[in-house]
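Q: Sequence:
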Amino acid sequence: MRHRHLSRRDFVKTSAGVVLGTAAGGLTPDRIGHPSAAEKPVVSVVRIRNDRVDRAVEAAIDLLGGIETVAKDKDRIMLKPNLVAEGPGFTTKPGVVKTLARLMQRAGKDVLIGEGSAAGTGFNVRGAVTYRTRNREILDGMQRYVFDTLGYSDLADALRIPLINLHSGDMAEVAVPHGFVFDKITLHQSLTDIDLLCSVPMMKTHVLATVTLGMKNLIGLYPGTVYYSVRSWLHDQAAIAESPGIAFETIDMVRATKLGLTVIDGSMAMEGDGPTGGSLVPMNVIIAGTNPLATDIVAAEIMGIGAHEVPTFTWAYRAGLGPASVKDVEVRGETLATVRRPFARPNVIPWERINKAWGVQEM
Numbered sequence: 011m012r013h014r015h016l017s018r019r020d021f022v023k024t025s026a027g028v029v030l031g032t033a034a035g036g037l038t039p040d041r042i043g044h045p046s047a048a049e050k051p052v053v054s055v056v057r058i059r060n061d062r063v064d065r066a067v068e069a070a071i072d073l074l075g076g077i078e079t080v081a082k083d084k085d086r087i088m089l090k091p092n093l094v095a096e097g098p099g100f101t102t103k104p105g106v107v108k109t110l111a112r113l114m115q116r117a118g119k120d121v122l123i124g125e126g127s128a129a130g131t132g133f134n135v136r137g138a139v140t141y142r143t144r145n146r147e148i149l150d151g152m153q154r155y156v157f158d159t160l161g162y163s164d165l166a167d168a169l170r171i172p173l174i175n176l177h178s179g180d181m182a183e184v185a186v187p188h189g190f191v192f193d194k195i196t197l198h199q200s201l202t203d204i205d206l207l208c209s210v211p212m213m214k215t216h217v218l219a220t221v222t223l224g225m226k227n228l229i230g231l232y233p234g235t236v237y238y239s240v241r242s243w244l245h246d247q248a249a250i251a252e253s254p255g256i257a258f259e260t261i262d263m264v265r266a267t268k269l270g271l272t273v274i275d276g277s278m279a280m281e282g283d284g285p286t287g288g289s290l291v292p293m294n295v296i297i298a299g300t301n302p303l304a305t306d307i308v309a310a311e312i313m314g315i316g317a318h319e320v321p322t323f324t325w326a327y328r329a330g331l332g333p334a335s336v337k338d339v340e341v342r343g344e345t346l347a348t349v350r351r352p353f354a355r356p357n358v359i360p361w362e363r364i365n366k367a368w369g370v371q372e373m
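Residue 373, in our numbering, is where the sequence shown stops; the numbers in between run on with no holes.
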């Protein structure tokens, strides 16, 4: 694992032809290295009716062509919910993951659920103090506690699905060519053995990232025994590379993994100062797509947040991901106008200020 410390200025210098200004409502207008605009990615938006989350998830996948299409030639799949800590109000609902797992099992897929949570009360959160730690014993106990408290241990037992603590165990190094922060990332071995990673985040705003959706959810793949949890050390390294928000460490992880499906849990969303301190909003939608940037852009648009307002989206596009805006996406199911609800914005704060305010200590 080598730090690249590639600054924004250096990245721009090595990316000839990329225009730094943003188009209104979209990202940089140049499409060098990007798919043709005619190859629009598909994102489905389905309303949850009568609390039937299962039916909405199934319909969202069907609109993408069905599980046989989205998981074609993929035999081993990991579902990655957003379980930042043990609070059910700011984490992915088990029902969404359960429905996806059953769909994949019925299609003959080998399914796993994996997560590396950020914090747990009584573990690296003690009283009013949050500690960062690489202590395996603490992280293992914390992850079991989070899985148990949120119902994921029972879910995994009922479906006979392995529940993977991504903080510890066998690890592997994955190369990240031209990475923003790292040349290589250490990952749990299971992430290199799967054929497809499915990110299943809760729809939320975020004081560092503006929004936390499918791509930002992958911060939970950085193993705590290597990068600490909470991941203040990781964000320190990205800040040295001049990452806007936490864009660089997010994009590096997206490029290091086999992310090929995102299913956003918008049953209950969070606005304001997320990821844990905002207000809950009953959105009652499921959003799904096989293109991570397209899926996140559509979800953000539903939240009333343009693609150009999210640093991770801007830099993902400049790094070669597409599309540039919601206009470049084929939306199936509900129209955006019928589900759009402007969210209260987070008070976005640079990492350096948050880190200083937190005064995160090591344990």
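Hint data in this document are derived by calculation from the structure and do not stem from the laboratory. A couple of the hints might just be wrong.
Claimed, not checked - What follows is a set of in silico ranges between Cβ atoms, one per label pair, in the way DEER data are often shown: (1) Thr131 <-> Glu49: 22 to 32 Å; (2) Thr131 <-> Pro187: 32 to 42 Å; (3) Glu362 <-> Gly75: 42 to 52 Å; (4) Asn357 <-> Glu78: 41 to 51 Å; (5) Ser289 <-> Arg57: 42 to 52 Å; (6) Ile359 <-> Ala138: 32 to 42 Å.
As the list claims (entries may be wrong) - Below, in silico cross-link-like pairs of lysine-lysine (PhoX-like), each with a Cα-Cα straight-line distance of 20 Å or less: (7) Lys84 <-> Lys268; (8) Lys82 <-> Lys119; (9) Lys82 <-> Lys337; (10) Lys337 <-> Lys119; (11) Lys194 <-> Lys82; (12) Lys50 <-> Lys103; (13) Lys82 <-> Lys268.
For every residue, glycine included, the Cβ atom is placed at its ideal position computed from N, Cα and C.
Q: Would you mind marking each hint as holding or not holding in the structure?
A: Hint check:
1. Thr131 <-> Glu49: 22 to 32 Å: Violated, at about 46 Å.
2. Thr131 <-> Pro187: 32 to 42 Å: holds (39 Å)
3. Glu362 <-> Gly75: 42 to 52 Å: Holds: the Cβ-Cβ distance is about 44 Å, inside 42 to 52 Å.
4. Asn357 <-> Glu78: 41 to 51 Å: holds (44 Å)
5. Ser289 <-> Arg57: 42 to 52 Å: With Cβ atoms ~21 Å apart, the hint is violated.
6. Ile359 <-> Ala138: 32 to 42 Å: Given about 19 Å between the Cβ atoms, the range is violated.
7. Lys84 <-> Lys268: holds (11 Å)
8. Lys82 <-> Lys119: With Cα atoms ~10 Å apart, Lys82 and Lys119 stay inside 20 Å; holds.
9. Lys82 <-> Lys337: violated (27 Å)
10. Lys337 <-> Lys119: Since the Cα atoms of Lys337 and Lys119 sit roughly 34 Å apart, the hinted pair is violated (cutoff 20 Å).
11. Lys194 <-> Lys82: The given pair, whose Cα atoms are some 28 Å apart, is violated under the 20 Å limit.
12. Lys50 <-> Lys103: Not OK: Lys50 and Lys103 at ~30 Å, beyond 20 Å, violated.
13. Lys82 <-> Lys268: holds (14 Å)
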